[in-house]
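Model the full structure from these sequences, guided by the hints.
Listed below are the residues making up each chain.
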Amino acid sequence: MESLGVVIAFYVLSTITIGSALAVFLLRNLVHAIVLLVLSFLGMAGLFLTLSADFIAISQILIYAGAISVLLVFAVMLTPLGSRDNANSLYINIGAPVGFLISLLIGFMAWNTSWNELSSNEIKQRDFTDTIREIGDQLLDKHLLSFEVASVLLLFALVGAIILVKEVKKEEDLIVESENS
Amino acid sequence: MTPKIPSSNSTSATPMNRQIAARPTLLGFVQNFSIKTKLILGILGLIFLVGNGLIAFIVIDGRLDGKWYDIRDLGYSIEFLRTKLASNNQELILGYTLGDVLAYWVPAVIGAVGILSFLGGFLLIGSWIERRLLARFQIRTGPNRVGPYGLLQPIADALKLMQKEVLIPIGADKMLFFLPPILVFIPAMLTWGPIPWSANMSYLDINVGLLYVISITSLSVLAVWMAGWASNNHYALLGSMRTVAMMVSYEIPIGLSLLSVVLMTGSLRLSSIVSWQADHYLWLALIMPFAFFTFFFSSTAEINRTPNDIAEAESEIVAGFHTEYSGMKAGLFLAVELGNALLTGALVATFFLGGYTLFGLENWIPGYLILAGKATLGYFFFIWLRGTLPRFRIDQLMSFAWKYLIPLSIAHVLLIAVEVSIVARLESVEWLIYILFVVFNVLITIYAVRSWAKAIGYTSEIEHPQQPVFATQMGGIKAARHIG
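Read top to bottom, the protein sequences are chains A and B. Just so you know, the first sequence maps onto residues 1160 to 1340 in our numbering. Just so you know, the second sequence maps onto residues 5 to 488 in our numbering.
It cannot be assumed that every hint is accurate.
In silico DMTMM-like cross-links for lysine to aspartate or glutamate, where the CA-CA straight-line distance does not exceed 20 angstroms [unchecked claim]: (1) B:Lys378 <-> B:Asp283; (2) B:Lys378 <-> B:Glu134; (3) B:Lys407 <-> A:Glu1326; (4) B:Lys164 <-> B:Glu134; (5) A:Lys1325 <-> B:Asp399; (6) A:Lys1301 <-> A:Asp1289.
Label-pair ranges, simulated between beta-carbon atoms [claimed, not checked]: (7) B:Leu418 <-> A:Val1327: 27 to 35 angstroms; (8) B:Gln142 <-> A:Lys1325: 43 to 51 angstroms; (9) B:Val170 <-> A:Tyr1250: 35 to 43 angstroms; (10) B:Trp456 <-> A:Tyr1250: 43 to 51 angstroms.
Hints were generated in silico from the structure; no laboratory data involved. All C-beta atoms in this analysis are idealised placements derived from N, C-alpha and C, irrespective of residue type, glycine included.
Next up, the structure:
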């Protein structure tokens, strides 16, 4: 394993991540839950940093802690009684077993995979220093199709959002307008 | 029949004109120094220059070839110590040897202390600068009672804020109310990290520096929202909602304008962006004026400054999201606002105005002084805007971001992409191509801005009345002339 500093960082960051993720669904206050969810995202970003994945760490902060949290904030602010509490719901009857099964599956996979461990010196010997350039090359070369499909999906989402919020004029208003003109 | 405008040098004796004539000027300010003050200032300046020279001479073991060197050149002596101590390969702390500690931790401490002391010094003087300058824009005096020229006013303000009681409103969410003044400080500090102060002199020169800046600044949204939400106050909540909406909207133009910077320079590392501009003797503000404007304008929205300070509009919602904060907690919000203004100045300088370089001058003057000068210039520009422009309404701001800045920014990114591919094909006559692009981009920006404004219904021309219409109708024009 790496030097002692990285080990300490790993344990501190995983405690923060798991602890705040637990608190998200144990806390009754919905707003506190959002704040702790962001803390959990930041802990994940820190874990990526200990793995030398700088681009993914920064994207984690930018997308999850920056954008997704704002989405949740808007959801809370625009929903009536959104601030009330993080109430129980019947979905827990389905969610708990499914979540348990998924975590079991991931744990089993992680246990069974033979991790091809590279020491940090071996990683340094690989001939890319600029992760972001490498990611860009891969996206526009090997994974071009999925990249384009994702962009089309985003375009659909954009158009859908515009259609949802677009003001539809009623027929009466149109008649009034034509009479005025 | 045009009304006579009183010229400033006419000796008409209205009180207003006398006031204007008697207002303090910068030249007069300097001339009014006593001989003693001038001497002391001169000696201080000399000491500064000699000290810099001495540092350069001592640190770089006599390699004084007529150029300035930075503090970071301590690296040479540290490297010397490190190689001396390398034989002593004992583990000192956390797996680092003594040499590692010297090589990494000493520059880290020096950098942190340097940045923090620069920022702290600015926070001490910044509010005085802002108030005095605003006063000059409005032809009044500004704070001039505490200390010489009112220089100790910020300290007096800070002492006043510290003495005040920190109130927590009834019904406030205590935990969330406590956190925001601290949380809002963290992004404001962290964003200083990747900014290069000179060659090889940036605190955190990561290869995703630009993304880092965008992502860290976007974190302050949450602190602002928490402050507004926890206050249990309608004004605070409205202010925080406005701030969140504004920040979310204006992050997109910022991202797009920085995308064109990345396209042109081919790197996300801030020091390479600066060195690209230094190598080509070309500021990015010249080659992409629209991105420059977009970044500058959107930044004013991000940091809540005029003309985009609707989130803190005093006349509508008291003080916005920090209405309920009192004492030093409110002071922290104000300090962050000041610090962010300087930070934005530094970012604009780094991305668009050549950073620490100034067409070769950086070889003769320490680069950090140039960057500090440019950042302060940006700060001055913010104060100028504040003294000049009125406040936008929230719907005007939103529609300006979504209907105006974003479509034009997307078109701008396309334009820059085409230009970059042209440059890549014609590398032999690069400088000529860049000159052509500067001219072309300035022209097409003016054309696109005007035509798009016309297309979505902004009127481009304001009809200025040639004479005071209302006064003429009321028969008051004669009186108006007599005043002149």
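Hints, verified against the model:
1. With a CA separation close to 19 angstroms, the supplied pair B:Lys378 and B:Asp283 stays within the 20 angstroms bound.
2. Distance hint between B:Lys378 and B:Glu134 is fulfilled; the C-alpha atoms sit about 16 angstroms from each other, no more than 20 angstroms.
3. Of the pairs offered as hints, the one joining B:Lys407 and A:Glu1326 holds, with about 16 angstroms between alpha carbons and a cut-off of 20 angstroms not exceeded.
4. At most 20 angstroms may separate the alpha-carbon atoms for a hinted pair to count; B:Lys164 and B:Glu134 meet this at roughly 19 angstroms.
5. At most 20 angstroms may separate the alpha-carbon atoms for a hinted pair to count; A:Lys1325 and B:Asp399 meet this at roughly 16 angstroms.
6. A threshold of 20 angstroms between alpha carbons decides the hint, and for A:Lys1301 with A:Asp1289 the separation of about 18 angstroms falls inside it, so the pair holds.
7. Look at B:Leu418 against A:Val1327: about 32 angstroms separates their beta carbons, and that is inside 27 to 35 angstroms.
8. Separation of B:Gln142 from A:Lys1325 is about 44 angstroms and conforms to the stated range, judged on CB atoms against 43 to 51 angstroms.
9. Taking the beta carbon of each, B:Val170 and A:Tyr1250 are about 42 angstroms apart, inside 35 to 43 angstroms as hinted.
10. One distance hint, 43 to 51 angstroms for the beta-carbon pair B:Trp456 and A:Tyr1250, holds here, with the actual separation near 48 angstroms.
Of the numbered hints listed earlier, not one is contradicted by the structure.
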